[in-house]
Amino acid sequence: MNAPHDPASVGAATAQKAHFDQPIKLRGGAELQSYDIAYETYGQLNAARSNAVLVCHALNASHHVAGYYEDDKSNVGWWDNLVGPGKPLDTNRFFVVGSNYIGSCFGSTGPASTNPATGKPWGADFPVVTVEDWVETQARLADRLGIERFAAVIGGSLGAMQALQWTLSYPERVRHSIVIAAAPKLTPQNIAFNEVARQAIMTDPDFHGGHYYGKGVVPTRGLRIARMIGHITYISGEAMAEKFGRVLRRGQPGFDFDIDFEVESYLRYQGDKFSSYFDANTYLRITKALDYFDPAADFGGDLTKALARAKAAFLVVSFKSDWRFTPARSREMVRALLDNRRIVSYLELDAPGGHDAFLLEDARYHGALRSYFANIDL
Amino acid sequence: MRPDQQAILQWVPKGARVLDLGCADGALLRSLGQEREAHGYGVEIDDASVLECVANDVNVLQVDLESGLSLFADGSFDCVILSETLQTIHRTEFLLREMLRVGREGIVSFPNFGHWNARLQIALGRMPVSDTLPYEWYETPNVHHCTITDFEDLCRRLGIRIRERLVLHAGKPVTLMPNLLGSLAVYRCTAG
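Which chain is which? The protein sequence lines are A and B, in order.
Heads up: the first sequence begins at 1 in the working numbering, then just goes up one per residue.
Heads up: the second sequence begins at 1 in the working numbering, then just goes up one per residue.
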């Protein structure tokens with residue numbers, strides 16, 4: 001993390017909001033009459049409008065990609081180690097856009113927003129949104145910002161699914177797609193983890209079928225457990241062993257149900273932290289968006305056919321310690337791109353961080369991204 | 001550029017789709033693009049080399065050759081290159097077959113262990129070290145050395161047809177007693 005005075009920081013960021021009155025028909029069939037998209041930008045759009053890079057966020061992040069807020073300097077963007085002046089995604093050269101997806105709880109229209117039809121929060125009535133829907137809203141934001149074509153769209157995990165979907169929804173509008181720690185669809189095991197998380201939330205007595213906003217309660221217990229489950233899958237067993245071992249907090253087993261092992265303490269902390277700021281209805285929808293993502297589904301499961309319409313050049317990156325979306329899943333995408341004779345490079349890095357390695361600084365990982373961005377013509 | 005790569009440059013048809021197995025920093029692919037309008041991908045396992053490829057704007061795929069070429073469809077390349085990489089491979093037969101599965105043509109180069117200098121060093125009781133075999137035995141990435149005769153025997157056994165052969169020493173072609181006087185061999189071959 002960079003201190004605010006760090007010259008490699010984009011500095012104070014300003015969250016902006018774009019309002020859209022043009023209705024959007026969602027993949028699930030519902031229609032949103034109007035919506036807001038929260039976003040931030042860093043750097044300057046050049047005269048040719050050829051230097052824009054869209055950063056897509058994953059499950060629990062937001063449009064706050066880099067920098068800090070003037071009134072909250074400790075709130076540093078989630079990909080600040082990558083984005084900034086002189087950083088791998090260099091804001092001296094690129095105009096970087098971070099956009100928050102609809103359904104979120106960080107500024108874009110979501111379940112906690114007011115439903116114009118009732119004047120009350122949407123709650124459970126907010127529709128289920130998909131990766132395709134997010135790309136559609138991002139395209140409209142790009143129109144608003146005067147970006148006809150992105151130099152690159154980049155993301156990790158769920159963000160990478162958006163980076164891939166962009167090349168399918170708008171093949172002409174993406175020159176490079178950088179797909180990190182991703183999968184072309186979830187395995188039943190992935191979906192199972194998501195379902196346990198959803199069940200934890202939905203069976204919390206404070207959930208009230210999703211209409212908890214007016215009741216003065218939030219399903220924190222469910223959300224806490226959901227986050228714990230998620231967190232276990234984001235880090236590798238190896239990283240967990242190295243970080244916590246079997247260290248006992250009290251020096252010896254308590255033979256009770258207080259915290260014994262360090263890892264328990266860590267999970268409780270992560271769960272508490274997450275449930276204090278994240279919205280349960282958003283969590284439900286985001287896990288569904290993950291489950292539903294499957295561009296090959298319309299092509300009889302044939303990913304090669306599904307990716308035939310992509311025109312972008314691709315950089316695909318996976319991490320060997322990632323067991324949530326293993327390198328084999330990335331290779332499926334690479335294979336399909338090769339079958340289509342697309343321009344693609346693939347890195348399979350031996351980084352220890354697990355799925356979350358995409359957020360961490362690693363000399364090889366960031367070195368590759370730095371070189372890749374440097375080679376993008378403007 | 002290494003002498004075998006000069007030869008490879010001449011053998012790759014203009015505009016060919018190429019796959020370079022063990023492509024190091026991607027220099028050969030870059031030259032093939034510039035001089036032969038060829039395009040394609042490099043395969044490399046080493047992190048530092050992969051990063052160099054990305055920096056050199058060469059398409060690179062970080063996969064282990066020992067696990068085969070399952071990323072690539074049958075006949076998807078005009079030419080598959082294995083330039084001074086054969087001797088580092090454990091599953092030699094498997095990779096040669098894979099090569100000619102995904103490519104219509106293969107180009108293979110390797111240091112000739114039958115060169116007189118190597119023979120002499122062995123005769124004197126030492127593992128050979130030379131320009132084409134630049135490693136001490138304890139640090140070499142090479143696992144399967146062969147001579148020109150050995151390689152041609154294997155090709156015969158695997159039904160690989162040798163279309164062209166160039167034997168070099170110090171960058172110059174060797175025609176007389178190639179297995180003795182040549183230190184580097186380059187082959188163009190096809191399946192049957």
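Heads up, a few of these hints could be off.
[As the list claims (entries may be wrong)] Below, computed lysine to any residue pairings styled on SDA-like, alpha-carbon distance capped at 25 Å: (1) K305(A) to R175(A); (2) K311(A) to R165(B); (3) K305(A) to A55(B); (4) K311(A) to H39(B); (5) K185(A) to V217(A); (6) K305(A) to S70(B); (7) K17(A) to L59(A); (8) K320(A) to A55(B); (9) K320(A) to A48(B).
Keep in mind that the hints were calculated from the coordinates and are not lab data.
Verification of the hints:
no., hint, in the structure
1, K305(A) to R175(A), "holds (20 Å)"
2, K311(A) to R165(B), "violated (39 Å)"
3, K305(A) to A55(B), "violated (30 Å)"
4, K311(A) to H39(B), "holds (16 Å)"
5, K185(A) to V217(A), "violated (35 Å)"
6, K305(A) to S70(B), "holds (18 Å)"
7, K17(A) to L59(A), "holds (20 Å)"
8, K320(A) to A55(B), "holds (22 Å)"
9, K320(A) to A48(B), "holds (16 Å)"
Taken one by one, the earlier hints fail for this structure at numbers 2, 3, 5, listed in ascending order.
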